[in-house]
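A.B. asks: Listed below are the residues making up each chain.
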Amino acid sequence: MVYLEEKLKEVQDSGRLEYRSKALPTWCPGCGYFAMVDGVAHALNALGIPKENTVVVSGIGCSSRFPFFLDTFGMHTLHGRALPTATGVKVANEDLTVLAVGGDGDGFAIGCGHLPHVAKRNVDITYLLFDNGIYGLTKGQTSPTSAKGFKTPTSPYENPDQPLNPLLMMLSYGASWVGQSYAGQPDHLKEMIVKAMAHRGFSYLHILSPCVTFDKTHRTYGNLGMTVRPVPAGHDTTSQDAAMRLATGGDPPPIGVYYAVPRPTLGDSLDGLVVKAGGELPRRRGTARAAE
Amino acid sequence: MDATDIQILIVGSAGDGTIAAGNILRQALAEAGYKVISFDVYPPEIRGFGKCIARMRATIEQAYSLKQQSDVMLSLDDSHAIPHVAEVRDWGAVLYESKPVANAPQGHITGHIRPGQIPYGCAIREISEKATGANRSRNIVALGYLAGLYRLPREAFHAIIDRQFKKRGAEVASVNRKAFDEGYAAGAGAFKLDDVAFGPPKPNVVPGTVVEMINGNAAVVKGCLDAGIDCFFGYPITPATTIMERLATEMPRHGKRLVQTEDEISAISATIGAGFAGTRSATATSGPGLSLMQEMLGLGTMAEVPSVVFVSQRGGPSTGMPTKTEQSDLNSALFGGHGDAPRIVMAPTNVEGCYRCAGKAFEMAEAYQTPVIVLLDLYLSNRYETVAFGQKSPFEPDVNKRPRKQDLGAGYKRFALVEGGVSPRAVPGDAGGMHIVTGLEHNELGRPADSAEMHLAMCDKRLDKLKGALVHPDFTVAKRFGAMGKAAVGLLAWGSTFGECLEAMFQAEKEGIDCSAMKVVMLSPFPEEAVSAFMDDCAAVLVPELNHDGQFARLVQGTLGRKVVKLTRVPGVPMRVSDILGEIRRLAGRNLPQAAE
Chain A
1 MVYLEEKLKE
11 VQDSGRLEYR
21 SKALPTWCPG
31 CGYFAMVDGV
41 AHALNALGIP
51 KENTVVVSGI
61 GCSSRFPFFL
71 DTFGMHTLHG
81 RALPTATGVK
91 VANEDLTVLA
101 VGGDGDGFAI
111 GCGHLPHVAK
121 RNVDITYLLF
131 DNGIYGLTKG
141 QTSPTSAKGF
151 KTPTSPYENP
161 DQPLNPLLMM
171 LSYGASWVGQ
181 SYAGQPDHLK
191 EMIVKAMAHR
201 GFSYLHILSP
211 CVTFDKTHRT
221 YGNLGMTVRP
231 VPAGHDTTSQ
241 DAAMRLATGG
251 DPPPIGVYYA
261 VPRPTLGDSL
271 DGLVVKAGGE
281 LPRRRGTARA
291 AE
Chain B
1001 MDATDIQILI
1011 VGSAGDGTIA
1021 AGNILRQALA
1031 EAGYKVISFD
1041 VYPPEIRGFG
1051 KCIARMRATI
1061 EQAYSLKQQS
1071 DVMLSLDDSH
1081 AIPHVAEVRD
1091 WGAVLYESKP
1101 VANAPQGHIT
1111 GHIRPGQIPY
1121 GCAIREISEK
1131 ATGANRSRNI
1141 VALGYLAGLY
1151 RLPREAFHAI
1161 IDRQFKKRGA
1171 EVASVNRKAF
1181 DEGYAAGAGA
1191 FKLDDVAFGP
1201 PKPNVVPGTV
1211 VEMINGNAAV
1221 VKGCLDAGID
1231 CFFGYPITPA
1241 TTIMERLATE
1251 MPRHGKRLVQ
1261 TEDEISAISA
1271 TIGAGFAGTR
1281 SATATSGPGL
1291 SLMQEMLGLG
1301 TMAEVPSVVF
1311 VSQRGGPSTG
1321 MPTKTEQSDL
1331 NSALFGGHGD
1341 APRIVMAPTN
1351 VEGCYRCAGK
1361 AFEMAEAYQT
1371 PVIVLLDLYL
1381 SNRYETVAFG
1391 QKSPFEPDVN
1401 KRPRKQDLGA
1411 GYKRFALVEG
1421 GVSPRAVPGD
1431 AGGMHIVTGL
1441 EHNELGRPAD
1451 SAEMHLAMCD
1461 KRLDKLKGAL
1471 VHPDFTVAKR
1481 FGAMGKAAVG
1491 LLAWGSTFGE
1501 CLEAMFQAEK
1511 EGIDCSAMKV
1521 VMLSPFPEEA
1531 VSAFMDDCAA
1541 VLVPELNHDG
1551 QFARLVQGTL
1561 GRKVVKLTRV
1571 PGVPMRVSDI
1581 LGEIRRLAGR
1591 NLPQAAE
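Going down the list, the protein sequences come from chains A and B. So the first sequence is numbered by our numbering: it starts at 1 and just counts up by one. So the second sequence is numbered by our numbering: it starts at 1001 and just counts up by one.
The set of hints was computed from the structure by calculation and includes no laboratory data. One or more hints might be untrue.
Covered stretches of chain B (in silico footprint by chain A; criterion: 3 or more residues with CB under 8 Å from a CB of chain A, positions within the stretch not fixed) [claimed, not checked]:
| id | segment |
| --- | --- |
| 1 | 1192-1203 |
| 2 | 1264-1278 |
| 3 | 1326-1333 |
Straight-line Cα separation of at most 30 Å, BS3-like style, residue types lysine-lysine; simulated pairs [claimed, not checked]:
| id | chain 1 | residue 1 | chain 2 | residue 2 |
| --- | --- | --- | --- | --- |
| 4 | B | K1510 | B | K1202 |
| 5 | B | K1479 | B | K1461 |
| 6 | B | K1178 | B | K1166 |
| 7 | B | K1405 | B | K1461 |
| 8 | B | K1401 | A | K51 |
| 9 | B | K1051 | B | K1202 |
| 10 | A | K51 | B | K1405 |
| 11 | B | K1467 | B | K1563 |
| 12 | B | K1413 | B | K1467 |
| 13 | B | K1051 | B | K1324 |
| 14 | A | K22 | B | K1401 |
| 15 | A | K22 | B | K1413 |
| 16 | B | K1392 | A | K276 |
| 17 | B | K1467 | B | K1392 |
| 18 | B | K1413 | A | K51 |
| 19 | B | K1192 | B | K1130 |
| 20 | B | K1166 | A | K276 |
| 21 | B | K1486 | B | K1067 |
| 22 | B | K1202 | B | K1392 |
| 23 | B | K1099 | B | K1192 |
| 24 | A | K51 | A | K7 |
| 25 | B | K1479 | B | K1324 |
| 26 | A | K9 | A | K195 |
| 27 | B | K1051 | B | K1192 |
| 28 | B | K1401 | B | K1467 |
| 29 | B | K1461 | A | K51 |
| 30 | B | K1067 | B | K1324 |
| 31 | A | K276 | B | K1167 |
| 32 | A | K22 | B | K1563 |
| 33 | B | K1067 | B | K1510 |
| 34 | B | K1405 | A | K22 |
| 35 | B | K1413 | B | K1461 |
| 36 | B | K1202 | B | K1192 |
We put the CB at the ideal spot given by N, CA and C, even for glycine.
Next comes chain A alone, as it looks inside the complex (with noise of 0.2 Å):
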C-alpha cells in the first residue's frame, strides 16, 4: 500500500495528469496501451509542451482511439491516413508538435504507402506505431506483421505469410530517427518517447505491444519478457548500416535508439522554397528554430 500510495503522489505531482483526458481507455485490462497514453503525458509534460499547441493523429484500430485519451488537439481519421494527415498539420503549422499514432495493421497494411514519402521528406513529426501483431479492434485477424503460422480467423489453418520487418524498412526509407521500446517496460518506453519527440524530423518509434486478449500464444508478456533485450552498448546511431543489422538481428530485435541523425525537414524546404522564390516567410514561433 505504501508502495502504491507513493506511486499515486509521484504521479500526482508529475503534473503528466494534465495532458490526460477525463475520458477512460477502451482498451482491454492488461493492453500495452495503457503505457503508452502515460508515456505520451509525460513525455509532453517532460519536454514542456502546452496541450493547445500539440495535435495527436491517428487512423482506425485498438491504438487509433488514442487521441480521445489525451487532452490535446487530436484528429480520429480513417484507415491508414494519419501520417498524410498529420503531414498536412504540421505544414500548415509549423508550430505544432504533431503525434502520428497508429497500430500495426494501419501503419504497415492499409497505410503502408505513405511511410516511404513522410520518411524522405523528413516532415518533422512523431510516428508511435504500436505493434500487437495482430488486428484488436475486429476481433483478432491476422495482421502484417503477425508471424508466420500464426492461428486467427482470417487463417485458420495457419498464416501463410511472413511478416514484416517495420525497423528494417523505416531505416530504408531514411526515417531520421529510428528506435524500438516495448510496453512490459514502461519506463524505457517513456524515455524513448520523449527521446523521439525530441528529435527533430521524422521519428519513427516502434512499440511492441501484447494484445492480451486476441494472443495467447505468440507476442505475450510472458514471451517478450523473455527476448526482449536492449541494444548493445556502443552501438554507433549514425550508422544506418549498423541499424539495419540490428533491426535483421533476433526476433523481436533489441530495443533502444537504431538511428538518429539530423536532416533539414519538410518545413525548412518549403522555407528554402519561398526564399528561392523571393517571398516572404510568414512570421512563427518556431522560426528561430529553423533559421538555426
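Keeping the supplied structure of chain A fixed, place chain B upon it in accordance with the hints.
C.D. replies: This is chain B only, laid out in the frame that chain A set:
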C-alpha cells in the same frame, strides 16, 4: 465592319508547333483588343504524329462558345488538316504549304477545297529556311502569313514572340521575329479574295480592371491566390495538373506552401489536416483521383473540417479518355462517398466563373466547415477567354466562426447543436479549444456517440448548415438568361456546356423561338426554388450535358420530381451548338415536354 466574329483553326501534327502558334495568335488577338475564346485539342501521346488543333474565335464582345464553322484554317500538316477543310465556311480561307515535301495520303489539300472556299498557298518551308536557316520556324512563318493577309497589328505579335522566346535567349527571339516578318510580308502581298475581315477592336473601358488572356485552370490559380490559399497538396493528373504546376511557381512567392504527395489519398488527407490546423488548403484532381478521395471527403463532412477540391473532369469511367472533355463526374462529386455525406459542389460555366468559384470555395469551406468540390472539365480547364479582372481581391480573407472565450475550456462543445448548424470552431493553438475530431458519429463534444437521437441530430446539422451556401454573399447560385417571361423552351445547364446553350439560345431567338436559359452553378445544395421557378415558366425544359446518362437531368428530376428532356453527348469534345438548336426547334414545334425516359 464592327461585327467582327472570326474563328481561326490551326491544324498540325504533334511537333509542328501547332499549339505554340495558336498560343501566340490568341494572345496577340487579345493584345490587339479583341475578345477571344479558344480551345485546343491534342493527342494523349507526347511524341508521335497525333493531330493537334488550335481553335480560337475573336469577337468584339466576349463570345460564350466556339462556332461550328471556322472562317480561316491554317494547315501545318495536310493529312491532318484535310478532314477539317469542310469546317471552313464558304468564302472563308484555307492556308497551306504550297510546296509540300510529299503529298498527303488523301492527295494534295487543294483537291479537297470546295468551290467558294479560298485557297492560299504559301511556300512556308522555303521562307522559314531562308529566314532562319532551318524549317523549324514553319509555324511562325505561317502565323506571319496569316497576320499579314488580314493586316493584324504586327507589334502585338512581336511583343508576344519576344515574351515567348526570351527565355531561350535574345537570338532565338530575334530569329523567330524575322520568320514572322518574312511570313507577314508574303501574306500582305497575297491577293485577298475571301471576305474575312477584322474590324477595329473595342478597347477595355472598365475602370480599374486589367484584361487577361487566361484559361480555366489559370483562373482557378488566380482565385486561389486572391482568396489567400495557405497550403496545397496534389498529385499530377490530366487535365488538372496545370493548376498544381502554376501554384508551385506562385505559392512560394507569396510565402505559401505546396507539397506534391504520393497519391490522391495523401493529397486530400493532408488538405484536410491543414484545414483542421486552421489554414485555407486545397487539392486538385480529375475523376480517378476524386474516386480515391471519397473516403477522406466523407471524414471532412463528418469532422466538419474545411477543404477545397478542384476536379477537372475528363472522359470516364476508369482511365477513360484523359485528353477528352466530359461532364460525367457529377454523380461522383455529389454522391461519391458512403453514408449520408452532404457537401458543397459548384460548377463554373466559363473562365471568369472559374476564378469566382475558386475564391468563393475557400470562403464557403470555412463558413460552413465542409469540403467544397469545384467541378471543372477539360474544356473549361484548357479553354482561354479574355477576362477583365479587378485589381483588388473580391474575396473575404477570414469568415471563420470562432468560439467566444467563455465557451472554451473543459466543456468546449466543438460540435454544439446551434441555430444554423455551424458550430464555433477552435483550431490548434487556441488555448482551451482542445477537442478531437473523428470519423465516428459523435456528440457535441466530439466524443463517440451512436444513439439514434444523436445520429439524427448530427445528420440534420451536417445537411442544414449547407443551406447557407445558397445565400452566400456575392455568389450567383443560378441565373437566368434570355426571355424572362414564359418561354417555349428553357435550357437548363451546368458547367462548360452552358456556353453552347447560350449560343444556341441566341440563334433560336433569331429564329423567333421564345427561348430562355438558366445556368446552375451551385449543384449541392441544390437551388430548388430558382430552378423550379424557371421550369414553371418554360413549356419544355431541355438539359444538354456531356455525359451518357444525363446525370444533371436525373438530379433535377430526382430533386424536383419534374420531367425534363435530356440531351446527352459523349464525343469527348464540346457539344455542337447545332445539336442543341435542333432540339430547341423540335421542342418549340411541339411545345410539349417529352418524357425523359
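A.B. asks: Taking the hints in turn, state whether each one holds.
C.D. replies: Here is what the structure says about each hint:
1. 1192-1203: violated (count 0)
2. 1264-1278: holds (count 13)
3. 1326-1333: Three-residue rule not met by the segment 1326-1333 of chain B, so violated; n is 0.
4. B:K1510 / B:K1202: 24 Å, holds
5. B:K1479 / B:K1461: Holds. B:K1479 to B:K1461 sits at ~28 Å (cutoff 30 Å).
6. B:K1178 / B:K1166: 14 Å, holds
7. B:K1405 / B:K1461: 23 Å, holds
8. B:K1401 / A:K51: 22 Å, holds
9. B:K1051 / B:K1202: 34 Å, violated
10. A:K51 / B:K1405: Roughly 17 Å separates the two Cα atoms, so the pair holds.
11. B:K1467 / B:K1563: Status holds; Cα separation ~24 Å.
12. B:K1413 / B:K1467: Holds, at about 22 Å.
13. B:K1051 / B:K1324: 13 Å, holds
14. A:K22 / B:K1401: Within the cut-off at roughly 27 Å; holds.
15. A:K22 / B:K1413: Given pair A:K22, B:K1413 holds - Cα atoms ~15 Å apart, limit 30 Å.
16. B:K1392 / A:K276: Holds, at about 26 Å.
17. B:K1467 / B:K1392: Judged against 30 Å, a Cα distance of about 28 Å means the pair holds.
18. B:K1413 / A:K51: 17 Å, holds
19. B:K1192 / B:K1130: Roughly 24 Å separates the two Cα atoms, so the pair holds.
20. B:K1166 / A:K276: 21 Å, holds
21. B:K1486 / B:K1067: 28 Å, holds
22. B:K1202 / B:K1392: With a Cα-Cα distance of about 24 Å, the restraint between B:K1202 and B:K1392 holds, given a limit of 30 Å.
23. B:K1099 / B:K1192: 20 Å, holds
24. A:K51 / A:K7: Holds, at roughly 24 Å.
25. B:K1479 / B:K1324: Roughly 28 Å between the alpha carbons, so the hint for B:K1479 and B:K1324 holds.
26. A:K9 / A:K195: Answer holds: A:K9 to A:K195 is near 25 Å, not above 30 Å.
27. B:K1051 / B:K1192: 29 Å, holds
28. B:K1401 / B:K1467: Holds, because 16 Å separates the two Cα atoms, which is no more than 30 Å.
29. B:K1461 / A:K51: Answer holds: B:K1461 to A:K51 is near 29 Å, not above 30 Å.
30. B:K1067 / B:K1324: 19 Å, holds
31. A:K276 / B:K1167: 18 Å, holds
32. A:K22 / B:K1563: Cα-Cα ~55 Å, so violated.
33. B:K1067 / B:K1510: 16 Å, holds
34. B:K1405 / A:K22: 21 Å, holds
35. B:K1413 / B:K1461: 14 Å, holds
36. B:K1202 / B:K1192: Measuring from Cα to Cα gives roughly 25 Å; hence the hint holds.
The structure does not agree with the numbered hints 1, 3, 9 and 32 stated previously, though it agrees with the rest.
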